[in-house]
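Trainee: The chain contents come next:
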Amino acid sequence: MENLNFEATKYTPEIKLDATSGIISLVGKSYPENTFEFYKPMMEWLENYFEENAQDVTTVNMEIIYFNSSSSKLFFDFFDLLDEAKDDNTIKINWIYDEENESAEEAGEDFVEDFEDLDIELVTK
Amino acid sequence: MSDDRERRKAERAERREKERASTTNDRREEESNQEENKLVGEIDELKITFNMTIDKLAKDIKRQDKIMSRADKRQRKEYDELQDRLVEVTALQESQKKLMDSFIELIAGAIDAKSKYTGGHCIRVPELSMMLVKEASNSDEEPFKEFKLESEDELRELNIASLLHDCGKVTTPEYIVDKATKLETIYNRIHEVRTRFEVIHRDLTIEALEKKLAGEDVSTVDAWLEVEHKKLVEEYEILAIANVGGEYMKDESKEKIREIASRTWVRNFDDTLGLAHEEKQRVLLEKSETPAVEQLLSDKKRHIIEREYFDYEEYERFGFKTKVPENLYDLGELTNICISAGTLTYEDRFKIQEHVVMSIKMLEQLPFPENLKNVPLYAGSHHETLIGTGYPRQLSAEDMSIPARVMAIADVFEALTASDRPYKEPKTLSASVKILSFMAKDKHLDPDLFKLFLSSGIYKEYAKDRLKPEQIDEVDISQYL
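Which chain is which? The protein sequence lines are A and B, in order. Residue numbering for the first sequence is 1 to 125, as defined by our numbering. Residue numbering for the second sequence is 1001 to 1481, as defined by our numbering.
Bear in mind the hints are in silico, worked out from the structure with no lab data behind them. In this text the structure is predicted, and so the values were computed from the model without any measurement. Where is the CB? At the ideal position from N, CA and C, for every residue including glycine. Incorrect hints may have been included.
Said to hold, decoys possible - Facing chain A, a subset of chain B residues (Cβ under 10 Å, in silico):
hint, residue
1, ARG1015
2, LYS1018
3, LEU1057
4, ILE1061
5, LYS1062
6, LYS1073
7, PRO1447
To be verified - Over 10 Å on every C-beta distance to chain A, these chain B residues come out as not near it, computed from the model:
hint, residue
8, ASN1025
9, ARG1028
10, LYS1114
11, ASP1420
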């Protein structure tokens, strides 16, 4: 399975989907013009990955410093996908944020609350 | 028997029939039961799916709510931050503006402080400019009907230009700006010339004594000496008066000066001693053996200070038109004492005028923001006229905006009325207005602005603030309107 990388832009984060190491990382800002369009390749890649290519342990590192509300919505969908995959896979999620970034902190808390069965760790920088 | 059999048969048949019927019924019942169970199962499944969908929907709605309220909260926070930042930036901008304004005033003050010649000129010209430009802007009369200069930025632009209009003067040598007599260089050379007169005076005395020693008639010699001394003193007085440059020097006066200058004295000392390198080089151009016979006043090669470097290309690029003298300075004694009007040579005059060139070059270098972009233009036009006779660009009426014309009037009027210049007596208000009127008539200043200056009473208002009581006299403005 091929890895998938997106460079960061002014409006979108850097995305690295590494099937070999099982490390998924999203770093940067997220307020694309069309959020669902932008993240579609990532979501498809993940479905494919968890269906047949997942590593023993999958680590998700998310460091989103700024995001719009449709990105929040997409992240919920993203966690839904992980939530479905968790029974057959070991998934570790790090939600990384600057301690002064209140929005990122609150979003992380929302995810923890909504996905009790997922292993989400809030990591301050 | 047979009946019994028949009956039994019939009974059996009936029983069988009954049994059969009962079995069918059972089966039917069973079948119906099975169907019911299936339906219930399907309904239950549907219920579960439905409940799951409802749950998911509810969850989604909850998430949606959460996302919205978080987004609202963040938006509020961001907006608050933006507002705070705006307040900060505005305050910062304000303080930077203040700093810039103070800096500009400091420069204007420094130019004023550098030379007694300018006094408080750079600080006072803006006052006059602002008064006059506001009046022109408020005027509904032609030609100012269409002219509006009201915004804070526009006024600030003119104020800054007025404050900095003479900034180039920091590069003008003080002894040129302050050159109050013709023979002045760094000091007034009249003292040196007077010493030569003293030498000649003694030479005459010695000559008289020698005559007496040689046996000439004592009383004849004394009479001769008295005449010669008197003549010499008179000649010095003529020269000294000429040095002040108070009045226009006619050709015959120049002739008289040349005649006086042709007197000789004997120099017994090496005049290349005690000089710094540069001057020594110049004096060595005409080294002479001592004793040397010297003219009382002369123009020598050593008096010419050559222009070492001048960027003519740049000069042209800036659009400067004033002719550049070949030499930087001419310190020639005869040349200087024979200056027709004022105290400045052609070279000195250019050096003075060059202050505008320098002002423009300096101001053009500053990255003025869009709202102050006219500062160099306004500041650089204060010595221009409406007929192409000004400097340094020899602009004409169409090139001169109203603010530039305003500054030109402010510049002249301040200079005329100033009472803080050591080289001249302060002029009265009426005399100053009169000179202004000549300049307006000659189109050196804008005649309409000059009239507005009078009719609005600005001249009076300014005089009350800035002139000495003894300068303020009655001005009959009707003759000028």
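Trainee: Honestly, which of those hints from before does the structure not fit?
Mentor: 1, 2, 3, 4, 7
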